[in-house]
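Under UniProt numbering, the sequence shown has 326 at position 326, and the numbering climbs by one with no breaks.
One or more hints might be untrue.
[As the list claims (entries may be wrong)] Just the calculated beta-carbon pair ranges, DEER-fashion:
hint: 1; residue 1: Q298; residue 2: R436; range: 44 to 52 Å
hint: 2; residue 1: E43; residue 2: G418; range: 18 to 26 Å
hint: 3; residue 1: E119; residue 2: E277; range: 28 to 36 Å
hint: 4; residue 1: G28; residue 2: E278; range: 51 to 59 Å
Because the hints were derived from the structure by calculation, they are not lab data.
We put the CB at the ideal spot given by N, CA and C, even for glycine.
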Amino acid sequence: MRDRAPMTTALTDLPVAAGPVFVPGDEGYAAEVASWNAATIHEPLVVVGATCAEDVAAAVRWAGTQGLPVAVQATGHGAVRPVTGGLLITTGRMNEVSVDPAARTARAAAGVRWAQVIEATAPHGLAPLNGSSSHVGVVGYTLGGGAGPLGRRYGFAADHVRSIEIVTADGALRTIDAGHEADLFWAVRGGKGNFGIVTSIEFGLVEVAGFFGGGIYFPGTHAAEVLHAYREWSAGLPEEMSTSVALLRLPDLPVLPEPLRGAFVAHLRVAYLGGAEEGDRLLAPMRAAAPALIDDVQMLPYAAIDAVHRDPVDPVPSRERGVLLGEVTAETVERVLAAAGPQVDVPIVMIELRHLGGGLARPPAVPNAVSGRGAGYSLFVIGVGVPELAPVVDAVTDRILSVDTVPGGLINFSGHAGPEALLANWAPADRDRLLRIKRAYDPTNVFSSGQALVG
């Protein structure tokens, strides 16, 4: 790395700052700031590659002396807004995982991905409440609530958090739980990264060794039949079955099976906590809805949970947004098909209807700030995230999402929404409480990047 300006020299001189430090122009700077969402290009003044909680605390304190805002990134899956200026702390080097099988808990450091947790817990017949992709980071996903493939049975990932280690805007490293700084503990579980940088998180596990699941791909020409069947079928499912259906415009890549390359398809995703016989019985109406290109729903070990959604692993540029629905009506389906069905050519990669309810509607044992409880479904749109297509992607997304919605939203599915739209995810009382806690712990809005509640 080249000689640094005095600002960065002050940081690297801190004795507890063990991680690498980069400024623009340094070799390794671009790789350090890169996000999984390739549409988001960060350009911070300084980057600290944290290796431990003390690195994070030292970096935040130093930023305070310089009057700089602070942002954080682990994997960059949730990077919907670029960091411009200020300090970026990357946590990918903080990848320690520990499991207590007797207590059915796990602890993950800030940079851990769900795959690491699953690898550590599966031998004990235990599973975390991870998301649709095990490549996503544990902390960012959980702080946004986390509605994954076991959600209808067990609720949000945030509902299972036991304690959190967090660095707040004053540079203090705090351990918080239901009995220690309970207001902050409430806000962080659902309020995303607005209150500090989480350096580790402890959460409960569930006894799940395997499941009946996977996906069924239908030809896009049968999208109408599949979506209409899904809206009627999903409403009556037991909460042991979590499902979603997506319209996908797939790339023409060799990594995909031949029937899917460059195709427009309807993809049914299934995760059922029961046996194959009952699972097949429950799934029969959807199998009868249309001929399948691929049907790989079967009994699987929990370590194969990625087979449900088969999300892309490599970075992609995306632009995304979602809303919540009380129900999926015939009009909802027709609006989606009219805006982005097989008969139109639009830069929309995915439109997903995800069944909520069940455990995702129940209040947790320890209250938290997770928004969106009580909705029946989420409707989520991902478009191609390149600047020249942004106006088209936004216009088509607006048409798709202009359906009958219910109040609130899932912050992890809020995409590029600004502070005002993000705050609309919560009921007024919770919104006011979040802002009070924000002012108490971050009065100068140090943490103002990403999905910020205060502009």
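Subject >> Range hint 18 to 26 Å (beta carbons of E43 and G418) holds or violated >> reply: holds, 20 Å
Subject >> Range hint compliance [Cβ, G28 to E278, 51 to 59 Å] >> reply: For E278 against G28, whose Cβ atoms are near 52 Å apart, the range 51 to 59 Å holds.
**OP:** Could you check the hint for me, namely that Q298 and R436 are 44 to 52 Å apart, CB to CB?
**Re:** holds, 49 Å
Original post:
Is 28 to 36 Å a correct range for the gap between the Cβ atoms of E119 and E277?
Top reply: holds, 30 Å
In terms of the numbered hints stated before, the structure departs from none.
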